Structures are given as C-alpha cells and as structure tokens.
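*Asks:* The chain contents come next:
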Amino acid sequence: MATPQQTLARRQLAGKPMARVLRFGLTALMLLIALYLLYQGFLFLRDGEEPKWIMALLAILWGVGGVALLYYLVNSLVELLAPAWSSRLQPFVFVGPAIAMLVWFLALPALRTLYLSLFGRDGPPALPLTMLFRAPGEYIAALTAEFAGLDNFLAVFTDRLMLEALRNNLLFWIGVATPLTVIAGLLIAVLADRSRFERVAKSVIFMPMAISFVGASVIWNFMYEVNAPGTPQIGLLNAIVAALGGQPHGWTNYTAISPWNNLFLVVIVVWLQTGFAMVLLSAAIKGIPEEILEAARVDGATEIQLFFSIVIPYLMGTIIAVTTTIIIFTLKVFDVVWVMTGGQFGTDVIATQFYRQSFINRNSGFGSAIAIVLLIAVTPVMVYNLRRIRDQEAFR
Amino acid sequence: MKSARTARLTGSYLVNGTLTLVVILWLIPVVGLLVSSFRERFDIQTSPWWYVLPHRDWVATKSIDPRELGLDANGPMTVEGVTATFEVLREGVEQGNKRLIWIGNRRIGSIQVQEKQWTTAANLNLDNYRQVLQGKDVVITHTDGTLETVRGDDFSSALLNSLTVAVPSTVIPILIAAFAAYAFAWMDFPGKRFWFALVVALLVVPLQIALVPVLRDFAGLNLNGTFLGIWLAHTGFGLPLATFLLCSYIRALPRETLESAFIDGASHFTIFTRLILPLSVPALASIAIFQFLWVWNDYLVALIILGPDPNTRVVTMKLAAIVGDRGQDWHLLTSGAFMSMIIPLVVFFLLQRYFVRGLLAGSVKG
Chain B
9 MATPQQTLAR RQLAGKPMAR VLRFGLTALM LLIALYLLYQ GFLFLRDGEE PKWIMALLAI
69 LWGVGGVALL YYLVNSLVEL LAPAWSSRLQ PFVFVGPAIA MLVWFLALPA LRTLYLSLFG
129 RDGPPALPLT MLFRAPGEYI AALTAEFAGL DNFLAVFTDR LMLEALRNNL LFWIGVATPL
189 TVIAGLLIAV LADRSRFERV AKSVIFMPMA ISFVGASVIW NFMYEVNAPG TPQIGLLNAI
249 VAALGGQPHG WTNYTAISPW NNLFLVVIVV WLQTGFAMVL LSAAIKGIPE EILEAARVDG
309 ATEIQLFFSI VIPYLMGTII AVTTTIIIFT LKVFDVVWVM TGGQFGTDVI ATQFYRQSFI
369 NRNSGFGSAI AIVLLIAVTP VMVYNLRRIR DQEAFR
Chain G
619 MKSARTARLT GSYLVNGTLT LVVILWLIPV VGLLVSSFRE RFDIQTSPWW YVLPHRDWVA
679 TKSIDPRELG LDANGPMTVE GVTATFEVLR EGVEQGNKRL IWIGNRRIGS IQVQEKQWTT
739 AANLNLDNYR QVLQGKDVVI THTDGTLETV RGDDFSSALL NSLTVAVPST VIPILIAAFA
799 AYAFAWMDFP GKRFWFALVV ALLVVPLQIA LVPVLRDFAG LNLNGTFLGI WLAHTGFGLP
859 LATFLLCSYI RALPRETLES AFIDGASHFT IFTRLILPLS VPALASIAIF QFLWVWNDYL
919 VALIILGPDP NTRVVTMKLA AIVGDRGQDW HLLTSGAFMS MIIPLVVFFL LQRYFVRGLL
979 AGSVKG
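If you read the sequences in order, they're chains B and G.
The numbers in the working numbering rise by one with no breaks, and the one at position 23 of the first sequence is 31.
The numbers in the working numbering rise by one with no breaks, and the one at position 302 of the second sequence is 920.
Just so you know, these hints were derived from the structure itself, not from any lab.
In this text the structure is predicted, and so the values were computed from the model without any measurement.
Where a beta carbon is used, it is the ideal one built from N, C-alpha and C, also for glycine.
There is no bait here: all hints are sound.
Computed spacing ranges between beta-carbons, pair by pair:
(1) B:GLU154 - G:PRO926: 23 to 33 angstroms
(2) B:ASP55 - G:ASP806: 40 to 50 angstroms
(3) G:HIS673 - B:LEU65: 44 to 54 angstroms
(4) B:GLU58 - G:ILE881: 48 to 58 angstroms
(5) G:GLY945 - B:GLN313: 43 to 53 angstroms
(6) G:TRP668 - B:ARG175: 31 to 41 angstroms
(7) B:GLN313 - G:PHE812: 42 to 52 angstroms
(8) B:ARG175 - G:ALA625: 38 to 48 angstroms
(9) G:GLU733 - B:GLN313: 53 to 63 angstroms
(10) G:VAL706 - B:ARG168: 51 to 61 angstroms
(11) G:THR767 - B:ASP55: 29 to 39 angstroms
(12) B:LEU69 - G:LEU632: 54 to 64 angstroms
From the derived model, a few chain B residues whose C-beta atoms are all more than 10 angstroms from chain G:
(13) LEU126
(14) LEU135
(15) THR138
(16) LEU151
(17) ALA156
(18) PHE161
(19) ARG175
(20) LEU178
(21) VAL249
(22) PHE316
(23) VAL319
(24) ASN369
(25) ASP399
Every beta carbon over 10 angstroms from chain G, so not counted as near; a handful from chain B, in silico:
(26) ALA27
(27) VAL29
(28) LEU30
(29) MET38
(30) ARG142
(31) ALA143
(32) PRO144
(33) ILE148
(34) PHE155
(35) LEU188
(36) LEU252
(37) HIS257
(38) ASP307
(39) LEU314
(40) PRO321
With the hints as extra help, turn the sequences into a complete structure.
*Replies:* Below you can see the structure in the form of structure tokens.
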C-alpha cells in the first residue's frame, strides 16, 4: 500500500532516474556491508574467547541491533523500488525472517524427523545428492538397504520400556495428573473468589509457575528424603510416616508399589501446574453474572447446587481449554522424571524414552519414531486450533 | 434452626480456613528448602528443618568426664545414680525428665546429662551460599570453631551463563515476532493464510520433533555447545507463541489510528516503529516474561544444544548435575536450588500482572 506522500516522493525520484539508481545502489551497498559485519559478528560470537559478560553484551547488541538493522536496510531498499514491487515485497520483509526461522527450526525438522523415523538406527546413508543423477540405481539400493519402513513404529508399541512409558503417560500423567490439576485449580479458584485474601492466596498457588522443573525436583526430593529407620527423618513425608508408626521409604524409587510410585512424581507436577489452571478458571469465574447466582440463591438453591448446575456449566469452555493445555504439557513431561528418577523404577515416560533413544543410545530411527508419535498425539488439538482460527474469521 | 447469618459466617470461616490450609500446604516445600539452605551441612542431615522452630528435645546440662570419676568403661559404671555398661549408656538411659548418654568412643568419650527442654536448632548462616556461589576455595567456620576449606561450586558463573542464554533468547524472537505479527495483522501478501495457519499449527508441536535435525544442522555449522546455537534454537522454538499472541493484540488495535497515519504519509515501517511498537508494550511485556521464564527454566534444550561443557552450563544443568553426582549434599542442593529460583521469582512477583494477562490471552506452548 503506497501512501500519497510516498507516491509523490517516488514521482519526484522517477523524474531523476540517476538519483534513484544512486540511492538504490548506496542502500544495497550498506546492506552488503551490514551483512558482512553481521557475519563477522557471528564468527566472533561462535568462536570468541572473551569474558562471558562481554560476550553476553555483544550478543545482545549483535542479535537485537543486527536484526533491527537488517529490517531497516532491506525495508529501505524495498521502498525505493517501483511502487508495485515495493508493496508486493514489503510484507515479506516483515514476515520473512519469522517464516524462515519457523521453517528451519520447526516445520522442516518435523518432516525430516518423519523421514528419519523410516530408517534404521543410523538413519539414511549420507550420500551426495549428485549420485541420484549419476547412479540412480545404486542410490536407491543404498537407501533401501537402510530403509526400515514402519519397524520403528512397531517397536514403539511393542518395546517393553516404551509400553511402560506409554502406560505412565496415559494412566498417570493424563489420567491422574491432568484431572487432579484441573480440579485443584477449580476448587482453589472458587475458594479464593469468596475469601478475604484472594490476591495473596492466588499469588502463592501461582508461584511454582516461576520455578524450574529441576528446582522443583530438588524441592520435592528433599520432601521425599529418607534416612535409615530409627534415625530422625529429615524428609517431611517420611517424618510424618514415621510419626504415624509407618515404614519410611524413598517413595519415587519404591519399586514394591510400582507403578504407583509414579504418583509421587505426579504430585510435583500438580503442585507446579495448579496455579496455571487456577488463574484461567478464576478469570472465568469472575465472568459469571452475579444476577444468575443471586436469583438461584433466592430460589433456595444450596451453594453445592449452584456449583454443579451454574458454575461448572458456565466454566465448561475454560475447563476444556485448560485440560487440553495440561494434557499437551503432560504428554511431553521430561525434566521432573529425568532429574528425579532418570526414568528408572518403572517411571519412564515418552519424553525420557525419546531422549534416551535419540541421544544416549544414538538410535535416531527409534527416537524419531517416538517424536512422531508425540506429534500425532497432539494433532487433534492442532486441528481444533486451526478450525477455531478459521471460524473467528481472522482474515478480513 | 440456624439463621442465615450464622450459616454465612460458618461458610466464611470454612472458606478462609480451607484456603489458608491449602496455601500453607503449597508453601511448605519451598519453606523447607529455604530454611535448610541456611543450615549447616551436619544439621541438615541429622535434624529435620522444622527443628528450627521451638520443639521439645534433649539438651545437655552437664558433661561428666568418666576418667575423672575413675570409671572403667569396660564394666558397669555408676554415674548420677544410674548403673549401666558402656553399650547401654551409648544408647542413652532415660530417667524421668533426665537422660544420661555417652558421647564419643569408649576411650576418650564423655557422659552427658541431658534434660528435655524447649529448644530450637536455629543456627543459620550464609556459608552454604558462599560455598555454592564461589568458584574458588571457600573457608567455612563450623559451630564448634573448626575451619574447613571446601571447593566452591561456582554457581555464579552458571547464573551468568543462564543470563547470557536468556536475555538474547528473549529479545530476539520478540523483535522478529513483532514484525511478523504486524504483517499478519495489517498487510496483505500472497500465502498469508497459509503462513498464519503454520504459525497456529506449530503452537502445539512438541520440541522433541525438532531436536535431532536441528542438532545435525548445528553440527554442520559448528554451533553445538555455543551460546549462539541456543539463542537461535530458542528463537525458533519461541516464535510461534510470540507471533500468535502479538498478532491477536495488534489486530485488536483500533484500525482508525493506522489509517490516519497512512493518510499523513507514513510508511509501514514508520507506523510499525513509531505507532504499533509503543502501543504494544503491554503485550510485549507479557510475552517477554513468558519467554524469559521459559528459557531460564529450560533444561531439555540446554542439555541437548549446550551439551556437557562445564563452561557453558546454565543453572538448571548445574543443579541437575549436583542432584546426579552428590544427591545427599543437601546444603549445596538447597542453596543452589534457591539461587536458581531467585531471578525468576523476582521477575514473576514484580511483573505478575503482565504474566497473568499473557496467560489469559490464551497460550498453548509447544
């Protein structure tokens, strides 16, 4: 879209084609210089040995300044073009870098992972692409030699540890952690709404959201710490158990109750995520019209009846949204399990299996197949989001 | 029958009481960590952290040297009206409110007379933090006056690494996302629907799907183990959410402001930098907090891109390494965990309003 003044300026420039070519050339030159400097900066940041804080400051300058400069110069260049070209290209100056990054870091890797999942542990053979033209027969033969078809996916659903991981993700993480988080969040949101110290309470419940999963693992490892029976228990849980006359255990590694030891990991995530559910549900509760509740009270409904026949139906949309988000999150749960148990004692999950297969066992085919299964698991949510965006008529 | 007023009052007590209980329950794990981080290594391992609160425990009132009394530790001994062997005394002999207990070994130990009293184990100091933060050797003074030289765990350099990773990984994706969001909201270009659909689709894509190919690309570019590599990775991974949230925000800005700016002859670039960016500060702030907390607390991406090099270790990796190697060193784990939490907690409590606003804008992070 060209503005009147721009058009005017261009018309003036058009009268002096030399001036326009000169300006264009100058801007192009500046762009080249900028690109060269940014590349030098890239090399320096990659290989530089300066003290860390200097590197950090330079990095911020390089990253932010460089990105801003590139936007500015490319945009100037495009604005000097003929108006038709300028308005055609300018949107891509704005959106191009984001698209490039998305394609490089997410879209293309998804396809490449899908490709890798069809091959054995070392992936497809690294052959020069020219070979496809020089000796297509050999190329195909070499490729098919490593081709595994759907074997990796078969393994995902038959391997003993993978089955354990799938069970844990479905039964404990989606089946227990998710509803527990949503219900706890809902109850706390309802309670907070009627209490006198709503803000403080909500801040406290929400606070774990700022804590890393590794930090939370340390916190809860300490809660579950076990000392020899007879000596003082320094972990709160075992101190309570001992005080009640029970036998102290290391809980997360207590294989005798396997698979229920997973519940002690679930508690950590519930503690971390309830604040998220609470904040969203609390905002939705504020949206319930007071008149409806008052009218029901006048008609003699109890608070329990109000909760089930007005509050819950009213919040249903939010409850579904929160539940979906937490399901997606629990599907990918990694840090807590990895730090607490390393996936031992029957606590493996899909993400720890992915990590072990891809980066420890170096079985890229199997690891990629696990990642693809994760992707397929979130596809319904993806489709739902896309539909919702389309329905909102995002594009006028 | 209860009056409505009493019923309401009981209800109010019930609500506030339950909520207080829940709040305490939520706080206990963090309080335990915080309190323990100020206690001595030996104290943490031998007495529970809540013993810093007043409780009834045996307190020594007198120490008796058995050799002064001419007692033979190899046979039954009579002290303070109690006759017992060394083995029994070592376990402790209780007599009403009094207890006799042998401290130390058979040859040079002493007998303590203890009484049950109200006491606290509140011997708190900052030694753990000194040890965990510093890279050099640290001299620790114990309660009994002895000195010990220990190796520092150099958390301060891990904290610096985390900042080095987190700040560019927050600012760069937001800048790129802001440009893209403006284009999606206010400009027309071929393929716009497709590219926006891609952004939405990538919102929920699990990171795991991208890690192996990205790691391979980085190996080709010599980017593995570098800060530049992790900045790029976090930029890529953070873009869908940042673009999506910013786009909904920018699209909701009044269209008239934009149109009048056009009539005044401003270009898209000018409108974006002079008008849209300043107007979007609240949205930028909430996305910045999200991204910062996410990057600071991230473990998986750091583990894979930065790798095992101790020079580039971020706090989460440092902490996880201590859990793995020295899981019983609670004096280091508690103080280290607290150091890793302090910056996100400060950011969180100062800017909670923006954080909540960002959450409510509808976030589904991949």
